[in-house]
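Protein sequences, first through last, are from chains A and B.
Per the numbering used here, the very first residue in the first sequence carries number 25; after that it's consecutive.
Per the numbering used here, the very first residue in the second sequence carries number 149; after that it's consecutive.
Derived from the structure by calculation, the hints contain no laboratory data.
Each hint should be verified, as a subset may be incorrect.
Simulated pairs of lysine-lysine, PhoX-like, Cα-Cα distance not exceeding 20 Å [unchecked claim]: (1) B/181 to A/26; (2) A/108 to B/154; (3) A/26 to B/164.
Label-pair restraints from in silico Cβ distances [to be verified]: (4) A/67 to B/245: 20 to 28 Å; (5) A/75 to B/245: 14 to 22 Å; (6) B/192 to A/38: 19 to 27 Å; (7) A/102 to B/222: 17 to 25 Å; (8) B/167 to A/105: 34 to 42 Å; (9) B/166 to A/90: 20 to 28 Å; (10) A/81 to B/259: 20 to 28 Å; (11) B/188 to A/104: 15 to 23 Å; (12) A/96 to B/191: 35 to 43 Å; (13) B/258 to A/107: 32 to 40 Å; (14) A/42 to B/241: 20 to 28 Å; (15) A/90 to B/167: 19 to 27 Å; (16) B/196 to A/52: 27 to 35 Å.
Going by beta-carbon spacing under 7 Å, a handful of chain A positions derived as facing chain B [stated by the list, open to error]: (17) 43; (18) 53; (19) 56; (20) 57; (21) 58; (22) 92.
Small disclaimer: the values here were computed from a predicted structure and weren't measured.
Where a beta carbon is used, it is the ideal one built from N, C-alpha and C, also for glycine.
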Amino acid sequence: MKGIPTILITVSPEVSAQMRPPRAIYPNGFKIGNSLGKPGMRDLQKAVLGDALTLLTENTRPGQIITREYPEYGEFHEPPRVRK
Amino acid sequence: MSFSRKCVPFTPFEGKLAKSTVALVTAGGVHLKGQEPFNIADELGDLGYRILPEDVDSSDLMVTHHHYDHSDADEDINVVFPIDVLRDLQKDGFIGGVARKHVGYMGYTMQLKAMYEGTAREIANEIDKGSKADVVVLTGG
């Protein structure tokens with residue numbers, strides 16, 4: 025297998041970081057069950073998916089989770105924390 | 149091949165998004181209504197996965213998963229499996245195409261080794277061999 029580039033959209037960044045994803049985006053404050061946003065918010069869903077795909081073209085550090093802000097989501101949910 | 153626990157597997161992306169085909173792989177328990185649901189009665193979790201075709205109608209999809217509140221996904225599957233959003237991005241010319249197949253599985257498991265060494269490899273093979281995907285977007289719930 026030659027390998028295939030991937031991008032993870034995570035709403036549990038600390039949990040995901042344990043698995044060292046090659047590339048990952050965390051939409052800040054999105055709750056579990058809303059990886060792309062809320063039902064019907066197509067513009068927001070497009071923004072999140074578009075930003076996730078754009079990370080493939082950027083010089084990200086493997087294993088780093090990039091946080092992006094989407095104030096139009098309108099809520100903030102604390103993500104699950106990992107006990108160190 | 150085994151990796152050090154500190155290693156980050158990384159495949160560079162050397163193409164252009166506007167010419168790339170994208171596949172979706174979700175751990176959010178997404179499957180077609182006509183497919184066997186994931187077994188949520190098994191406390192160890194269901195190690196299976198479902199193939200979702202290129203032309204899947206989002207209204208034919210559902211979620212079977214007991215470890216997250218999927219009421220929003222029940223209303224709009226795109227919040228965890230953005231297939232219609234992906235098609236919008238293709239129409240806009242942002243991406244080149246939508247892959248021939250996508251995958252849904254139930255990410256909850258107490259059988260991590262079996263998931264990592266079995267299911268994950270099988271999903272990777274499905275995507276590698278039949279989807280024509282250049283890149284994969286992964287989502288949880």
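Tested hints:
no., hint, verdict
1, B/181 to A/26, "violated, 33 Å"
2, A/108 to B/154, "holds, 16 Å"
3, A/26 to B/164, "holds, 18 Å"
4, A/67 to B/245: 20 to 28 Å, "holds, 22 Å"
5, A/75 to B/245: 14 to 22 Å, "holds, 20 Å"
6, B/192 to A/38: 19 to 27 Å, "holds, 24 Å"
7, A/102 to B/222: 17 to 25 Å, "holds, 24 Å"
8, B/167 to A/105: 34 to 42 Å, "holds, 40 Å"
9, B/166 to A/90: 20 to 28 Å, "holds, 21 Å"
10, A/81 to B/259: 20 to 28 Å, "violated, 36 Å"
11, B/188 to A/104: 15 to 23 Å, "holds, 20 Å"
12, A/96 to B/191: 35 to 43 Å, "holds, 39 Å"
13, B/258 to A/107: 32 to 40 Å, "violated, 19 Å"
14, A/42 to B/241: 20 to 28 Å, "violated, 37 Å"
15, A/90 to B/167: 19 to 27 Å, "holds, 23 Å"
16, B/196 to A/52: 27 to 35 Å, "holds, 33 Å"
17, 43, "violated, 9 Å"
18, 53, "violated, 15 Å"
19, 56, "holds, 5 Å"
20, 57, "holds, 5 Å"
21, 58, "holds, 5 Å"
22, 92, "violated, 15 Å"
In this structure, the hints that do not hold are numbers 1, 10, 13, 14, 17, 18 and 22, in rising order.
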